[in-house]
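Whenever a hint applies, use it, and build me the whole structure from the sequences.
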Amino acid sequence: MKGSKFLVQVTDYAMNTATYKVEVQTGEQEELPEMIAFDLDKGCWTSFTRDSFSSDLTSYAPSDLTFYAATIVDHYVLASTDEGDLYVMPEDELTNLTRVANLGTVLSDMAYNPADGKIYGVADGSLVTVDRFTAEVQAVGQIPVTTNTLACSEDGTFYCNEYGTGKIWQFTLDSLKTEPPVKYDFDGDGTVSRGDVQALLDYATGVRTTVSHREHADFDGNGEITTRDAYLFETRLDAGDLTGVKLAVETSLSTTQYLQAMEVNPNNGLLCWVSYATMTYEGYTYGFAYYFEIDPEAGTYSLYNNLDHEMSCLIIPKQAAGSDWTTPTEEVSGIQISPETVTLLRGSSVTLSAAVLPWTVTDRSVTWSSANPEVATVDENGVVTGVTPGTAVITATSVRNPNVSASCTVTVESVEITLKGALRDQEGNSVLFSWDMAQSTWTKERALDTSLISVTRDTKNDKLYIMDGESKAWNMHRVDPSTGKLEASAANAAGAPFWDLAYSQYFSTEEAPKITGVYNSYFLTPKDPMNLDTVSFNLRDYLDIASTNALVAVTSLGYERIERYGAEYDAEHFVLLDNGGYIWNWWVYEDSEGYRNFMRLYASNLAQYESFDSHEGYRYCSLITGEDGNLYLSAFNGETSTFYQMIEVTDAEIPRYDATPIGNVGSSTGPAALYAAEGGAKAEASHQIRDLTDAEPVEAADAQVGEPAAAKPSARFTMTRVAPTTGRAEEPMSGVIVGEEEREVTVEVTAKDAQGSSLAANNGLTMVTYDASALELKDVRISGDYTARLTAAGAVTFGYIAAAALEAGAPVATLTFAVKEGNTQNTYITVTHKEANGEKPGYVEQLPVEFTHTHTELRNEKVATCTEPGYTGDTYCKDCGLLIRQGELLPALGHDYEAEVTAPTCTEQGYTTHTCSRCGDSYVDGYTESLGHDWDGGSVTTPATCEEDGVRTFACNHCSETRTETIPATGHTWDEGVVKQEAGCTEDGVMRYTCVSCHATREENITATGHQYTKTVVDPTCTSSGYEQYLCFACGYEYHDHFTAPLGHDYEAVLTEPTCTEQGYTTHTCSRCEDHYVDGYVEALGHAWGEWTKEIAEDCFHPGVEVLPGCGRQPLVSRGRGLRIETRHHERNGRRSISAQWDPDPGPAGDHSVPDGRGAGDRGR
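Counting in the numbering used here, the final residue of the sequence shown is number 1182, and the numbers go up one at a time with none missing.
In case anyone wonders, no lab produced these hints; they're calculated from the structure.
Small disclaimer: the values here were computed from a predicted structure and weren't measured.
One or more hints might be untrue.
Lysine-lysine pairs mimicking DSSO-like chemistry, simulated, CA-CA at most 27 Å apart [what the hints assert, rightly or not]:
| hint | residue 1 | residue 2 |
| --- | --- | --- |
| 1 | Lys489 | Lys502 |
| 2 | Lys544 | Lys502 |
| 3 | Lys531 | Lys997 |
| 4 | Lys480 | Lys461 |
| 5 | Lys879 | Lys837 |
| 6 | Lys437 | Lys263 |
| 7 | Lys544 | Lys59 |
| 8 | Lys857 | Lys879 |
| 9 | Lys879 | Lys895 |
| 10 | Lys480 | Lys544 |
| 11 | Lys335 | Lys59 |
| 12 | Lys851 | Lys895 |
| 13 | Lys437 | Lys477 |
| 14 | Lys477 | Lys544 |
| 15 | Lys795 | Lys837 |
| 16 | Lys531 | Lys502 |
| 17 | Lys263 | Lys200 |
| 18 | Lys997 | Lys795 |
| 19 | Lys531 | Lys437 |
| 20 | Lys437 | Lys461 |
| 21 | Lys879 | Lys795 |
| 22 | Lys480 | Lys502 |
| 23 | Lys795 | Lys851 |
| 24 | Lys335 | Lys135 |
| 25 | Lys480 | Lys531 |
| 26 | Lys544 | Lys531 |
| 27 | Lys879 | Lys851 |
| 28 | Lys135 | Lys200 |
| 29 | Lys489 | Lys544 |
| 30 | Lys461 | Lys502 |
| 31 | Lys895 | Lys837 |
| 32 | Lys502 | Lys437 |
| 33 | Lys531 | Lys477 |
Label pairs and their computed distance ranges (CB to CB) [claimed, not checked]:
| hint | residue 1 | residue 2 | range |
| --- | --- | --- | --- |
| 34 | Gly937 | Thr83 | 49 to 57 Å |
| 35 | Val996 | Val1034 | 54 to 62 Å |
| 36 | Glu905 | His632 | 49 to 57 Å |
| 37 | Ser382 | Gly212 | 28 to 36 Å |
| 38 | Trp952 | Asp1005 | 51 to 59 Å |
| 39 | Thr295 | Asn398 | 39 to 47 Å |
| 40 | Asp953 | Asp1005 | 49 to 57 Å |
In this text, a Cβ means the ideal position worked out from N, Cα and C, and glycines have one as well.
Laid out in structure tokens, this is it:
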């Protein structure tokens, strides 16, 4: 284990917990890289140096998240994601993430300001502060230049790149807070910014008819508003005279795009910048990421190598030690729950996040609860599941401080829609179905006569077109949805199994329906469903951009009016889904040369649910547009088809579709193909004019049918990458370039003075006029930092501003014209130079457009077929496209049908197939009913037994089909039975029966006999009750009844008198049971002693003897000194005995011996 920072938690016996941060180096300390950034192309943290090439980039730390902005504060990195979540992590361990909270916005860059200790960020061009502990965001002000980068020096000076240019600007908090003069707010948005330069240029060009504060727009003082005024205004903005934002340095870059990374190096004070831009060349898009080091004080910069990859989150570790600001705390300040409101469909789930703040709290865990679990439930991980429509409040409560909580309001809705389609059920049958999504499952409506891959509905005629699953044929069938029966069938000349079909709402008529479809990377152009061909749009190159390779579903949103290249088109809006989950908005229009298209790409969240793998060569997906305006998708995973509701999110930074699962057809069911979603609130038709300024044109071509493409792994794809390509011609003078085939004319305009000489220009206004009957304007590309153009019939006026003057002879604009069909006359294009710098040259160029027709070709030649007339072909000029000679029609040949009769079988109809010998077209008629089976008498194939049914099998006399009937089981035949176990008094016995046929056995109970009692009367005693005893003579069981009370004792008393030594008492004895007790005690009388007399005097050898006369009531007792004498009467023989013993404490007796030989301790009788 390697590391230097550890958190240690200590808990005592009372469960009081304290957290300590310990800094101790374990293992070998690793040296930090010079610079670290987040590689958006690879999705990981990358380390590099100023001298690195793209091949030198080294993965520093992996990441499951995508980070857009970051800065570093005293060795801790603060970084925010593409979802707006703020994380903190040690600079030497970027995988050790701690989530702070959600910012509520997405930052494109962050910077630490050492001057005030705050974190700053860029959010939609505004400067904000970010609380490093709670992720609270507060607005500071709008940055006057459009930017997505930010860096800050030690003294609090901020730097940023003006998006789309190579300019680096600087500002301070004080200058940002200074209110710019409102008189320069020409676009009227309340701020003074680059947008006001554009507004002034638009006004000078004629694009705008008014501007705010026009009286302050005459910067050159000549009394009128020209492009020169817009240039002078832009110059003052660059100098910081108006907004406090100053131009620090202008690099050699012509443009910047997408995310970039910028940071001030804390070790040397230089501004470090990883720029990014793309360039498209010959259909391929390349990325350029140049690393710069900038000295803002000197106004100089050094350009290093191209790192190729789009980078964000530039962080530069500080070599010096920093303060420790990450000390743990026990105090909870609040909880951020995200999101705070959410709408769920019934049965769907969403995961809420709860961030206990500040992030340094030692225990950030929460408990989750639902105030209304009947509507929505929540588990311990914050996963909320909608149960029934309604509202529920979900609360997260801090475990550390239960008094702190936060709540989310959850609204559960049901999908008010009925889906209709076709599917394969669990038995493998193709059926039409419907599913009211308020119900729990789908309902079969009727059987289909065909297998299926895809289906669509002709809404004008209420017919279904179904492509079957017959391999290598994939025939098309017209089906009546009310019966499920085939009405017509046709061969599939396209030779491809279209994975999804869509009815063309705009190009179809009631008499001539048309459909489209998708297969691999191909989109089928609208055509007759019963006469398919291979003319398709191929999206292979475009799918490569999104790291996908196949289209899987298609639907139509209907007619829309769109605008592109200054022209309007009547188009049908299709929506395509690819196997990476991306949505392709696809506008198809038709001109004299066939179908054409514009496209735009949207994101979706489908990839988190589906992988869109191929199953048996098919994708089995289906996309439809509901009557409620939402999309509905059916996706097959090999086991079941899952349905999704897809809602367009138009207010997101990147337009996208959000998908929600709403049900599946069940296990082992599917694939399911949808053709209608009925009900729900009606969506308004989208027939407005759309300006598709970032849409890409695509032309149709013949599809190449082959094996389905394998799924590509989905890579990160930046959806905002839609940039027009720019080019610069090498011709130094205004002139006309006619294309090799004379179908396109390019005009390159250079700035001219009054004499027609080329000049370097910072600003200008030019008008170009042309013959609109001969030429059609297709594209205008204008050079400069700001451009404007005004287009009218046969004329276009454009203005431009360039901070760095456009070189003399360099094109200020390139115009592209298409030569209209049928044009035979040479023509002119007139260029009028109205403004250049501070002058009005007025110089006019008349540029000739000349055509020749020496190369001809035959076009539109067509061989006559059975159904369509032929054409001899038209003669055209290959260079300019002029029609020289028109061809002639050839009549259609008509079909040459040959009939083939297919006889009916037992189960299938008979019919006659008519096939054209020339074109293979066919139709079927002459249907005859199936014969039906002719069954024999049947035979027993499985005999019936006592318990199991038997089977009788019948065979058809005409075919190999069989059917079976059940022979009922015979049932058991039981014998009379034998006793297995005798019945007892309380326990049943058992009788066993045996089947005489199969020897199976069964058992029945023999009812218990019950007890048989004898009665004995037991009389009561003094202490015991009397009763009747009942004893079962069979089993010995007994019980007692009819109890009588005990008699009680009958006592008789006998008195015993007291004596000298014994008490007196009374004895009571029962006359019935001899029970007795004693009471009436009387104290003993004691002895009646006389006086002591000396009987023997003591001498040297013997003690004396004293005699006590006997008790009058007891025997005589005598006692001498040292000797005790007692006499007692023995009642046995009437004799009296005397016993004597030495006094236990005799006095001194001398030293003499006893004459008779007895010692003082002897005892005598």
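Here is how each hint holds up against the structure:
Taking the CA atoms of Lys489 and Lys502, the gap is near 23 Å; set against the 27 Å cutoff, the hint holds. Simply put, Lys544 and Lys502 have alpha-carbon atoms about 23 Å apart, close enough for the 27 Å limit, and the pair holds. Using a Cα cut-off of 27 Å, the hinted pair Lys531 and Lys997 is violated, with the two alpha carbons roughly 84 Å apart. Taken as a hint, the Lys480 and Lys461 pair is honoured in the structure, with Cα atoms around 18 Å apart against an allowance of 27 Å.
Note on Lys879 and Lys837: the hinted pairing holds, with a Cα-Cα distance of about 24 Å set against a maximum of 27 Å. At most 27 Å may separate the alpha-carbon atoms for a hinted pair to count; Lys437 and Lys263 exceed this at roughly 63 Å. Of the supplied pair hints, the one linking Lys544 and Lys59 is violated, its CA atoms being roughly 42 Å apart against a limit of 27 Å. Pair hint Lys857 plus Lys879 does not hold up; C-alpha atoms about 57 Å apart against a cutoff of 27 Å.
A distance of roughly 19 Å separates the Cα atoms of Lys879 and Lys895; the hinted pair therefore holds under the 27 Å criterion. At most 27 Å may separate the alpha-carbon atoms for a hinted pair to count; Lys480 and Lys544 meet this at roughly 16 Å. A distance of roughly 26 Å separates the Cα atoms of Lys335 and Lys59; the hinted pair therefore holds under the 27 Å criterion. Pair hint Lys851 plus Lys895 does not hold up; C-alpha atoms about 37 Å apart against a cutoff of 27 Å.
Between Lys437 and Lys477 the CA atoms are separated by roughly 17 Å; this keeps the pair inside 27 Å, and the hint holds. In summary, the hint linking Lys477 to Lys544 is supported, as the alpha carbons are separated by about 16 Å, within the 27 Å threshold. Only pairs whose Cα atoms come within 27 Å are accepted, and Lys795 paired with Lys837 is accepted, the gap being roughly 11 Å. In summary, the hint linking Lys531 to Lys502 is supported, as the alpha carbons are separated by about 21 Å, within the 27 Å threshold.
Pair hint Lys263 plus Lys200 holds up; C-alpha atoms about 20 Å apart against a cutoff of 27 Å. Proposed proximity of Lys997 and Lys795 is contradicted: the alpha carbons are some 106 Å apart, above 27 Å. The straight-line distance between the Cα atoms of Lys531 and Lys437 is roughly 21 Å, inside the 27 Å bound, and the hint therefore holds. For a cut-off of 27 Å, the pair hint linking Lys437 to Lys461 stands: about 10 Å separates their Cα positions.
For the hint linking Lys879 to Lys795, the alpha-carbon distance of about 31 Å lies beyond 27 Å, and the restraint is violated. Restraint check: the Cα-Cα separation between Lys480 and Lys502 comes to about 11 Å, which is no more than 27 Å; the hinted pair holds. Of the supplied pair hints, the one linking Lys795 and Lys851 holds, its CA atoms being roughly 23 Å apart against a limit of 27 Å. For the suggested pair Lys335 and Lys135, the alpha carbons sit about 17 Å apart, so the restraint of at most 27 Å is met.
This hinted pair checks out: Lys480 and Lys531 have alpha carbons roughly 12 Å apart, not beyond 27 Å. Between Lys544 and Lys531, the direct Cα distance comes to roughly 5 Å. Compliance with the 27 Å bound is thereby established for this hinted pair. For the suggested pair Lys879 and Lys851, the alpha carbons sit about 52 Å apart, so the restraint of at most 27 Å is broken. With a C-alpha separation of about 33 Å, the suggested pair Lys135 and Lys200 falls outside the 27 Å cut-off, and the hint is violated.
Note on Lys489 and Lys544: the hinted pairing holds, with a Cα-Cα distance of about 21 Å set against a maximum of 27 Å. Distance hint between Lys461 and Lys502 is fulfilled; the C-alpha atoms sit about 15 Å from each other, no more than 27 Å. Proximity of Lys895 to Lys837 is assessed by CA-CA distance (about 14 Å); at most 27 Å being required, the pair is judged to hold. With a C-alpha separation of about 17 Å, the suggested pairing of Lys502 with Lys437 holds against the 27 Å cut-off.
Using a Cα cut-off of 27 Å, the hinted pair Lys531 and Lys477 holds, with the two alpha carbons roughly 11 Å apart. Distance hint check for Gly937 and Thr83: the Cβ-Cβ separation is about 54 Å, which falls inside the suggested range of 49 to 57 Å. The given range of 54 to 62 Å is broken by Val996 and Val1034, whose C-beta atoms sit roughly 38 Å from each other. At about 51 Å, the beta-carbon gap between Glu905 and His632 stays in the expected band of 49 to 57 Å.
At roughly 48 Å, the beta-carbon separation of Ser382 and Gly212 lies outside the given 28 to 36 Å, and the hint is violated. The hint said 51 to 59 Å for the Cβ distance between Trp952 and Asp1005, and at roughly 53 Å that hint holds. Between Thr295 and Asn398, the C-beta spacing of about 40 Å keeps the proposed range 39 to 47 Å intact. Roughly 54 Å separates the CB atoms of Asp953 and Asp1005, a value that falls within the hinted 49 to 57 Å.
Checked against the numbered hints listed earlier, the structure breaks hints 3, 6, 7, 8, 12, 18, 21, 27, 28, 35, 37; every other hint is satisfied.
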